[in-house]
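Each chain is listed here by its residues.
4 protein chains.
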Amino acid sequence: MARKQKPIKSELAWSTPDKIVVRGKDLANEILGHLNLGDMAFLMILGRVPDKNESKLFNAMAVTLVEHGITPSAIATRMTYLGAPESPQAAVAAGLLGLGSVFVGSMEGVAKMLSENADIESMKRVPGLGHPIHKPVDPRSVRLFEIARETGFYGKYCRRIEEIGKQKKLVVNATGAIGALACELGIDWRAVRGIGVMARAIGLVGHILEEAKQPMALELWERAEDEASEQQRPKR
Amino acid sequence: MARKQKPIKSELAWSTPDKIVVRGKDLANEILGHLNLGDMAFLMILGRVPDKNESKLFNAMAVTLVEHGITPSAIATRMTYLGAPESPQAAVAAGLLGLGSVFVGSMEGVAKMLSENADIESMKRVPGLGHPIHKPVDPRSVRLFEIARETGFYGKYCRRIEEIGKQKKLVVNATGAIGALACELGIDWRAVRGIGVMARAIGLVGHILEEAKQPMALELWERAEDEASEQQRPKR
Amino acid sequence: MARKQKPIKSELAWSTPDKIVVRGKDLANEILGHLNLGDMAFLMILGRVPDKNESKLFNAMAVTLVEHGITPSAIATRMTYLGAPESPQAAVAAGLLGLGSVFVGSMEGVAKMLSENADIESMKRVPGLGHPIHKPVDPRSVRLFEIARETGFYGKYCRRIEEIGKQKKLVVNATGAIGALACELGIDWRAVRGIGVMARAIGLVGHILEEAKQPMALELWERAEDEASEQQRPKR
Amino acid sequence: MARKQKPIKSELAWSTPDKIVVRGKDLANEILGHLNLGDMAFLMILGRVPDKNESKLFNAMAVTLVEHGITPSAIATRMTYLGAPESPQAAVAAGLLGLGSVFVGSMEGVAKMLSENADIESMKRVPGLGHPIHKPVDPRSVRLFEIARETGFYGKYCRRIEEIGKQKKLVVNATGAIGALACELGIDWRAVRGIGVMARAIGLVGHILEEAKQPMALELWERAEDEASEQQRPKR
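Protein chains in written order, with numbering that gives the first Met the number 0: chain A, 0 to 235; chain B, 0 to 235; chain C, 0 to 235; chain D, 0 to 235.
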């Protein structure tokens with residue numbers, strides 16, 4: 000007895016010989032030249048085109064996440080590029096794989112906590128608060144909240160995370176601000192990590208281009224290998 | 000005898016307690032609210048902020064590449080999400096891994112061919128020409144060249160690929176147009192695949208969000224499994 | 000003020016001009032020709048060479064996990080290979096990325112539950128029990144427990160999972176048997192997913208080789224694309 | 000007009016309620032307890048069960064490739080694990096992604112060159128020859144050729160690579176020996192990289208387990224970040 004097939008469907012895109020439609024919009028005539036890359040990401044996440052204020056705020060949030068210097072992700076990307084320079088897409092993918100619970104997860108945690116109206120006062124460790132370097136304020140959060148005010152999106156979620164920061168005497172870091180702003184824009188917390196993933200893909204392309212001209216992976220590898228196994232070798 | 004260490008350095012980003020600098024620009028004050036996500040990608044690739052015309056053209060190029068419906072990449076992403084929904088970054092990475100020589104490689108091939116002034120007439124198969132569906136024109140190329148004219152970037156590389164298309168009686172497809180436009184913007188052909196990789200990361204996040212609400216991976220898997228092994232099983 | 004460096008070290012391998020040592024063993028003289036690939040995996044996981052019985056059981060466990068036909072992982076691998084045939088390592092990686100909480104996680108769950116002596120009776124859904132096809136027994140579990148008896152490793156964890164299966168009237172599936180056997184061998188539950196990952200890497204190489212000779216990815220893609228976007232297109 | 004569907008099929012595995020068949024063999028009764036993990040890999044690659052000599056040689060080849068200490072792959076794996084400890088499969092995948100043209104490609108190059116009977120004398124750089132540390136011999140190659148002699152597989156490909164090594168006054172390294180031995184076993188050069196990929200998946204699981212107990216990724220990251228951006232920061 001054969002299993003009964005269920006239909007599959009997707010509403011993201013379709014095409015005919017003279018037209019490509021993405022999320023219900025004509026790609027050539029309604030999207031190209033009209034939406035910037037951040038607007039397009041907004042369209043993919045929320046299913047509609049942002050207005051001018053949403054565009055400004057969402058682009059700022061995504062731009063914040065593009066580049067953070069030599070992170071574990073950037074190192075994974077550069078190590079992969081060293082072994083497989085013919086596959087830059089694999090080097091970017093390797094870097095994205097580390098965007099898990101430890102780093103990007105924090106942003107998602109903030110959005111979840113705020114959107115579900117969690118009892119934050121009782122939490123021992125609040126995601127989105129504290130930063131090892133940026134004290135007494137994180138300049139990114141200050142600026143993001145400023146843009147939120149300008150665009151009319153500084154609302155209850157922003158107030159809440161700033162309040163909590165004051166209570167806990169900890170800086171609201173960039174992931175805290177972005178998590179709160181995602182709530183203001185009505186983005187589901189489950190989609191928040193995706194903003195980080197797409198933004199970092201851009202940053203990791205930058206690392207590949209720099210690694211091609213000014214490499215560090217080989218040197219980092221040799222140093223690590225020398226030191227890591229040094230104690231194991233018999234003394235001469 | 001110990002190996003002599005060589006210094007490593009990166010010029011992408013650095014920070015102090017009150018400042019984050021990316022590509023020489025103050026992130027909070029010179030980038031956030033001023034650059035959109037496509038401009039930021041331009042900055043990462045070319046090391047400088049685009050002017051208004053460059054911004055319009057580059058954003059349109061990147062936006063073109065975001066979403067193509069149910070591609071092999073989208074299927075890989077959705078299959079991965081089915082098994083590891085807790086790791087959306089891994090699902091995006093799985094989809095990026097197929098952006099190799101067959102699909103995105105074509106765009107890179109166009110840029111290399113044009114920038115190195117290759118003898119195209121003698122080539123049997125020219126990258127960037129021909130499309131199985133979009134005939135007699137690819138509406139994306141038409142629109143991208145239109146934006147190139149508006150922004151003053153319709154130059155010798157665009158003319159060349161359009162000329163070759165006419166000679167070979169093949170449509171200049173979107174990868175052909177984007178490859179040519181990358182040359183017009185002075186982007187090294189080695190960086191061209193990166194534009195596709197970053198754009199598709201955005202599109203693949205969209206596929207994950209759709210898969211979460213309206214899944215197809217399980218059904219596609221069951222159909223494939225049933226059919227693939229049917230002939231192997233003993234008849235009953 | 001500079002951060003104080005901490006030393007790094009690894010005990011996995013080191014080498015001198017005439018010797019390579021892996022996990023304390025001379026690779027050329029004590030490992031090659033003496034250990035099979037499963038024994039080597041045992042050495043990597045447990046830090047010691049298995050005896051004859053451990054070798055037989057562990058190899059059987061790992062071999063069980065190598066190949067399962069057209070799974071979501073196999074489809075992700077084949078889709079990736081379609082786009083990037085020059086990077087077979089990326090196609091294998093794409094397939095591994097889906098070995099998350101849904102499929103391989105179950106094996107890990109069994110090992111955790113048994114090794115932590117959880118109150119299984121009260122659990123609503125017990126990992127490692129039940130199978131959509133293999134009823135009334137999973138032939139792999141039957142055989143693995145048989146090998147466990149032969150090798151002297153059928154102990155309290157095996158008895159426990161079989162007992163629970165009887166109580167819940169569900170078959171002990173292969174992940175249930177392997178989870179229990181990992182406990183019998185003293186393998187930490189945190190290492191159990193790794194056995195699945197290494198085994199599936201072998202199986203996925205097999206899928207790439209088959210895809211190269213007898214492809215299915217292109218056909219699966221075209222079918223999915225046609226159907227998924229059919230309803231979106233305007234009727235003609 | 001609808002596209003006509005083509006059938007898909009796979010000969011790798013199928014199952015009925017009481018049986019799982021892999022590559023034509025009954026998994027429970029003909030494979031488990033009879034084949035070790037290397038034999039299973041042989042079956043997946045060559046489609047048949049190895050005899051005793053083939054088993055010994057093939058297992059030795061695969062075992063050689065499992066672990067090489069702190070390589071770029073191992074660093075990518077550890078960096079990924081640092082950010083996403085909940086996804087060990089992603090950490091293994093990240094490490095595999097660097098097994099491209101630079102490292103594992105050499106083994107494939109040897110097998111291709113030997114099996115296609117290339118004019119090696121005229122080649123400037125011969126894959127599989129030379130090693131930065133192991134001189135005047137690579138102990139792995141010496142041992143692998145010894146096992147090849149024992150098992151009756153030291154043939155024309157082994158002789159050829161050893162001859163070339165003498166002519167070029169370079170050591171035949173492990174990738175050179177394994178490439179030649181793959182030819183002796185009748186393994187297609189296109190399948191050779193797969194042996195490296197599966198073996199390294201095992202080694203990378205070992206790195207994750209070590210990183211969990213004795214971490215180095217965080218320290219390596221902090222060192223790299225400090226140094227890389229030091230010169231960029233304004234002097235105080």
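Be aware that a few hints might be false.
Any copy will do: because identical chains look the same in the list, a pair fits if it lies in one copy or spans two.
[Said to hold, decoys possible] Derived pair list, reagent style EDC-like, types lysine to aspartate or glutamate, alpha-carbon separation capped at 20 Å: (1) Lys168 - Asp118; (2) Lys155 - Asp187; (3) Lys123 - Glu226; (4) Lys123 - Glu161; (5) Lys51 - Glu145; (6) Lys155 - Glu115; (7) Lys8 - Asp225; (8) Lys51 - Glu115; (9) Lys5 - Glu209; (10) Lys165 - Asp118; (11) Lys165 - Glu145; (12) Lys111 - Asp187; (13) Lys168 - Glu85; (14) Lys111 - Glu183; (15) Lys18 - Glu145.
By construction, these hints were calculated from the structure, which means they are not laboratory data.
Here is what the structure says about each hint:
Within a single copy, Lys168 and Asp118 get their C-alpha atoms as close as 17 Å, which meets the 20 Å cut-off; across copies the closest is 41 Å, which misses it. Taking the closest pair of Cα atoms, Lys155 and Asp187 come within 20 Å of each other only inside a single copy of the chain (16 Å); across copies the shortest separation is 46 Å, beyond that limit. In this assembly of identical chains, the alpha carbons of Lys123 and Glu226 never lie at most 20 Å apart, being 38 Å within a copy and 34 Å across copies at closest. Proximity of Lys123 to Glu161 under the C-alpha cut-off of 20 Å is restricted to the intra-copy arrangement: shortest distance 17 Å within a copy versus 41 Å between copies.
With identical chains, the CA atoms of Lys51 and Glu145 are at most 20 Å apart within one copy only, with a shortest distance of 16 Å there and 24 Å across copies. Proximity of Lys155 and Glu115 under a CA criterion of 20 Å is satisfied intra-copy only: 13 Å inside one chain copy versus 43 Å between copies. In the homo-oligomer, the alpha carbons of Lys8 and Asp225 lie at most 20 Å apart only across protomers (9 Å), although the nearest pairing inside one protomer, at 54 Å, exceeds that limit. In this homomeric assembly, Lys51 and Glu115 never come within 20 Å of each other (Cα to Cα): the closest approach is 28 Å inside a single copy and 41 Å across copies.
In this assembly of identical chains, Lys5 and Glu209 lie within 20 Å of each other by CA distance solely across copies; the values are 17 Å between and 48 Å within a copy. For the homomeric pair Lys165 and Asp118, the shortest alpha-carbon distance inside one copy (16 Å) is at most 20 Å, but the shortest distance between copies (43 Å) is not. Within a single copy, Lys165 and Glu145 get their C-alpha atoms as close as 18 Å, which meets the 20 Å cut-off; across copies the closest is 52 Å, which misses it. Taking the shortest alpha-carbon separations for Lys111 and Asp187, only the intra-copy value of 8 Å comes in at or below 20 Å, while the best inter-copy value is 32 Å.
For the identical chains of this complex, Lys168 and Glu85 are neighbours neither inside a copy (48 Å) nor across copies (30 Å), given an alpha-carbon limit of 20 Å. With identical chains, the CA atoms of Lys111 and Glu183 are at most 20 Å apart within one copy only, with a shortest distance of 12 Å there and 40 Å across copies. Proximity of Lys18 to Glu145 under the C-alpha cut-off of 20 Å is restricted to the inter-copy arrangement: shortest distance 16 Å between copies versus 40 Å within a copy.
Figure legend: structure checked against the earlier numbered hints; hints not met, in rising order: 3, 8 and 13.
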